[in-house]
Amino acid sequence: MNIRNFAIPLIWVVAGLTAACGSTNFPVEKLAEADIAIQQAEQVGAKDYAPLEIREARRKLDTARSAVEEEDYEKAQIYVEQALVDAELAHIKTLSGKARMAVTELRESIRILEEEINRNRLQNTN
Amino acid sequence: MKSWLLLPVISAILFLAACGGPPADNPLLEEAKSEYSAAEADTAIVQFAPVALKEAEESLELGFELWEEEADKVRIEHQAYLTLQKTAIARETANLNAAQNEIERAEPERQQVLLDIRHTEAQLAENRAQQALEEAQREREAAEQARREAEELARKVDELEARQTQRGLVLTLGDVLFDFDEATLRSGGVRTVAELAGFLDEYPERNVLIEGHTDNIGSEQYNLDLSEKRADAVKQELLNQGIASDRIETKGLGMAHPVASNETSAGRQQNRRVEVIISDQDGAVSER
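If you read the protein sequences in the order shown, they are chains A and B. So for the first sequence, my numbering puts the first residue at 1; every next one is plus one. So for the second sequence, my numbering puts the first residue at 1; every next one is plus one.
Just so you know, these hints were derived from the structure itself, not from any lab. Keep in mind that the hints are not guaranteed to be accurate.
[Claimed, not checked] With a cut-off of at most 20 angstroms between alpha-carbon atoms, the simulated SDA-like pairs for lysine to any residue come out as follows:
(1) Lys75(A) / Ala106(B)
(2) Lys98(A) / Glu70(B)
(3) Lys75(A) / Arg75(B)
(4) Lys98(A) / Glu102(B)
(5) Lys73(B) / Gln77(A)
(6) Lys73(B) / Ala67(A)
(7) Lys73(B) / Glu81(A)
(8) Lys98(A) / Lys73(B)
(9) Lys98(A) / Ile103(B)
(10) Lys98(A) / Ala98(B)
(11) Lys75(A) / Glu70(B)
(12) Lys54(B) / Gln39(A)
(13) Lys75(A) / Glu77(B)
(14) Lys98(A) / Ala71(B)
(15) Lys98(A) / Glu107(B)
(16) Lys75(A) / Leu62(B)
(17) Lys75(A) / Leu169(B)
(18) Lys75(A) / Leu66(B)
(19) Lys75(A) / Lys229(B)
(20) Lys98(A) / Asn101(B)
(21) Lys75(A) / Lys98(A)
(22) Lys98(A) / Lys30(A)
(23) Lys98(A) / Ala44(B)
(24) Lys73(B) / Asp72(A)
(25) Lys30(A) / Arg75(B)
(26) Lys75(A) / Asp116(B)
(27) Lys156(B) / Gln241(B)
(28) Lys75(A) / Asn101(B)
(29) Lys73(B) / Glu74(A)
(30) Lys98(A) / Arg105(B)
[Claimed, not checked] Examples of chain A residues toward chain B, derived with CB under 10 angstroms:
(31) Pro27
(32) Val28
(33) Lys30
(34) Leu31
(35) Gln43
(36) Asp62
(37) Gln82
(38) Thr94
(39) Ser96
(40) Gly97
All C-beta atoms, glycine included, are put in the ideal place defined by N, C-alpha and C.
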């Protein structure tokens, strides 16, 4: 078999694939990165602790995806970056909200225990 | 419009455009700047979130670079938005770290309080145990006291030569303690009654029933009278010894309740007697 008969179609296939990739002139991994950030924030409980931020992040990611489909890459870039930063804020806000709640609970449990001690002391003196 | 005016105006516009001058303030960028300045002035953020604060600062600088380059308003405002969010992230990071610090501080405090609570609970239990111990001790002492009192009573009863019967303690004063056919106590009888009075002094809750009895010699009426008089004589002696009269009851029962046969003189002598029935602790004497 002549190598040319094989090589020429191959060149066409590679060229075609390259063209296909090149047509999406946008770093798609940025969409994935924002999507993962949103999912991670939701996993720690952002829907309860930062509902507005996480909703905003999702909305912006959707807008970014639409912009990619419309090949408006500048708009896509802006929206995916904002979606990412919104998700990050939702994530940290959730963690800090939980930690502050834990502090409140800890303080409350200490207060209750101290009351218990005072009651015991009263009983002791009786 | 006059044509001679047109030239200088156009020249002025061109001059201004060429010179450029400072671009107008972007409100969102200004807001980002003031938010960042507030965060930078917050010692908690500087202490607890230095990296996040730095990222916000870099973002703000990039925003101003774009502004100075007179970049597209959309890009400047995008950068301002990122700065605002990164500043908020710095603030929340500081909150998170501060809260975690407080948890680290408060947890040992909680452990200490738990120790304290166990301590006071232990003390409480110890106090209860001590109280129970003292209570038991008191009960033992009370039981001991009751036992001693019972022994004492038994000893006193022995001294009285009283018998324990179904009716209780019964002290019998025999015929020989009275003058023959008389209701006068002899000196031996007086001594016995004095012992009884001492006993009644010691046990003020106890009362007595004095019963006179005779043998069957003589008429029934005579014997009833004699038995009653002898019982009264014992009562009188107790009164003499200072025993209150409301503690003393008397009955002359005559020949109705012999304790021995009236056929023999020894039996008859036993039947001629005065019985003193000592009441229980409630002062009640069981009737015959």
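Against the structure, the hints come out as follows:
Straight-line distance between C-alpha atoms of Lys75(A) and Ala106(B) comes to about 48 angstroms, which puts the hinted pair past the 20 angstroms bound. For the hint pairing Lys98(A) with Glu70(B), the CA-to-CA distance comes to about 42 angstroms; that exceeds 20 angstroms, so the pair is violated. A hinted pair counts as satisfied when its Cα atoms are at most 20 angstroms apart, and Lys75(A) with Arg75(B) qualifies at roughly 10 angstroms. Between Lys98(A) and Glu102(B) the CA atoms are separated by roughly 13 angstroms; this keeps the pair inside 20 angstroms, and the hint holds.
Restraint check for Lys73(B) and Gln77(A): satisfied, since their Cα atoms lie roughly 15 angstroms apart, inside the 20 angstroms limit. Taking the CA atoms of Lys73(B) and Ala67(A), the gap is about 19 angstroms. The hint holds against a cut of 20 angstroms. Straight-line distance between C-alpha atoms of Lys73(B) and Glu81(A) comes to about 17 angstroms, which keeps the hinted pair within the 20 angstroms bound. Restraint check: the Cα-Cα separation between Lys98(A) and Lys73(B) comes to about 38 angstroms, which exceeds 20 angstroms; the hinted pair is violated.
Taking the CA atoms of Lys98(A) and Ile103(B), the gap is near 12 angstroms; set against the 20 angstroms cutoff, the hint holds. Annotation: proposed proximity of Lys98(A) to Ala98(B) holds, straight-line Cα distance about 12 angstroms (limit 20 angstroms). Of the supplied pair hints, the one linking Lys75(A) and Glu70(B) holds, its CA atoms being roughly 19 angstroms apart against a limit of 20 angstroms. Restraint check for Lys54(B) and Gln39(A): the C-alpha separation of about 26 angstroms exceeds 20 angstroms, so the hint is violated.
The suggested pairing of Lys75(A) with Glu77(B) holds, with an alpha-carbon distance near 13 angstroms, which does not exceed 20 angstroms. Between Lys98(A) and Ala71(B), the direct Cα distance comes to roughly 40 angstroms. Violation of the 20 angstroms bound is thereby established for this hinted pair. The straight-line distance between the Cα atoms of Lys98(A) and Glu107(B) is roughly 16 angstroms, inside the 20 angstroms bound, and the hint therefore holds. With a CA separation close to 19 angstroms, the supplied pair Lys75(A) and Leu62(B) stays within the 20 angstroms bound.
Distance hint between Lys75(A) and Leu169(B) is unfulfilled; the C-alpha atoms sit about 119 angstroms from each other, more than 20 angstroms. For the given pair, Lys75(A) sits about 17 angstroms from Leu66(B) by alpha-carbon distance, which is consistent with the 20 angstroms threshold. Distance restraint check for Lys75(A) and Lys229(B): the Cα-Cα separation of roughly 136 angstroms exceeds the 20 angstroms cut-off, and the hinted pair is therefore not satisfied. The hinted pair formed by Lys98(A) and Asn101(B) meets the criterion: a straight-line CA distance of about 14 angstroms does not exceed 20 angstroms.
Note on Lys75(A) and Lys98(A): the hinted pairing is violated, with a Cα-Cα distance of about 34 angstroms set against a maximum of 20 angstroms. Note on Lys98(A) and Lys30(A): the hinted pairing is violated, with a Cα-Cα distance of about 29 angstroms set against a maximum of 20 angstroms. A C-alpha spacing of about 19 angstroms is found between Lys98(A) and Ala44(B), which places the hinted pair at or below 20 angstroms, so the restraint holds. Between Lys73(B) and Asp72(A), the direct Cα distance comes to roughly 17 angstroms. Compliance with the 20 angstroms bound is thereby established for this hinted pair.
A distance of roughly 18 angstroms separates the Cα atoms of Lys30(A) and Arg75(B); the hinted pair therefore holds under the 20 angstroms criterion. For the hint pairing Lys75(A) with Asp116(B), the CA-to-CA distance comes to about 62 angstroms; that exceeds 20 angstroms, so the pair is violated. At most 20 angstroms may separate the alpha-carbon atoms for a hinted pair to count; Lys156(B) and Gln241(B) meet this at roughly 18 angstroms. A C-alpha spacing of about 41 angstroms is found between Lys75(A) and Asn101(B), which places the hinted pair above 20 angstroms, so the restraint is violated.
Our distance criterion of 20 angstroms between C-alpha atoms is met by Lys73(B) and Glu74(A), whose separation comes to about 13 angstroms. A threshold of 20 angstroms between alpha carbons decides the hint, and for Lys98(A) with Arg105(B) the separation of about 17 angstroms falls inside it, so the pair holds. Violation of the interface hint for Pro27(A) is found here, the shortest Cβ-Cβ separation to chain B being roughly 17 angstroms, above the 10 angstroms cut-off. Hint on Val28(A) is violated. Least Cβ distance to chain B is approximately 20 angstroms, over the 10 angstroms limit.
Hint status for Lys30(A): violated, given a least beta-carbon distance of 14 angstroms to chain B, over 10 angstroms. Interface hint at Leu31(A): violated, since its Cβ lies 17 angstroms from the closest Cβ of chain B, which is beyond the 10 angstroms cut-off. Using the Cβ-Cβ criterion of 10 angstroms, the hint placing Gln43(A) at the interface with chain B is not satisfied: the shortest such distance is roughly 17 angstroms. Interface hint status for Asp62(A): violated, as the beta-carbon distance to the closest one in chain B is roughly 17 angstroms, over 10 angstroms.
Because the smallest distance between the Cβ of Gln82(A) and any Cβ of chain B comes to about 6 angstroms, under 10 angstroms, the interface hint for this residue holds. The interface hint given for Thr94(A) is met, as the beta carbon of that residue sits about 9 angstroms from the closest beta carbon of chain B, less than 10 angstroms. Using the Cβ-Cβ criterion of 10 angstroms, the hint placing Ser96(A) at the interface with chain B is satisfied: the shortest such distance is roughly 4 angstroms. A distance limit of 10 angstroms between C-beta atoms decides the matter here; for Gly97(A) the minimum to chain B is near 8 angstroms, and the interface restraint holds.
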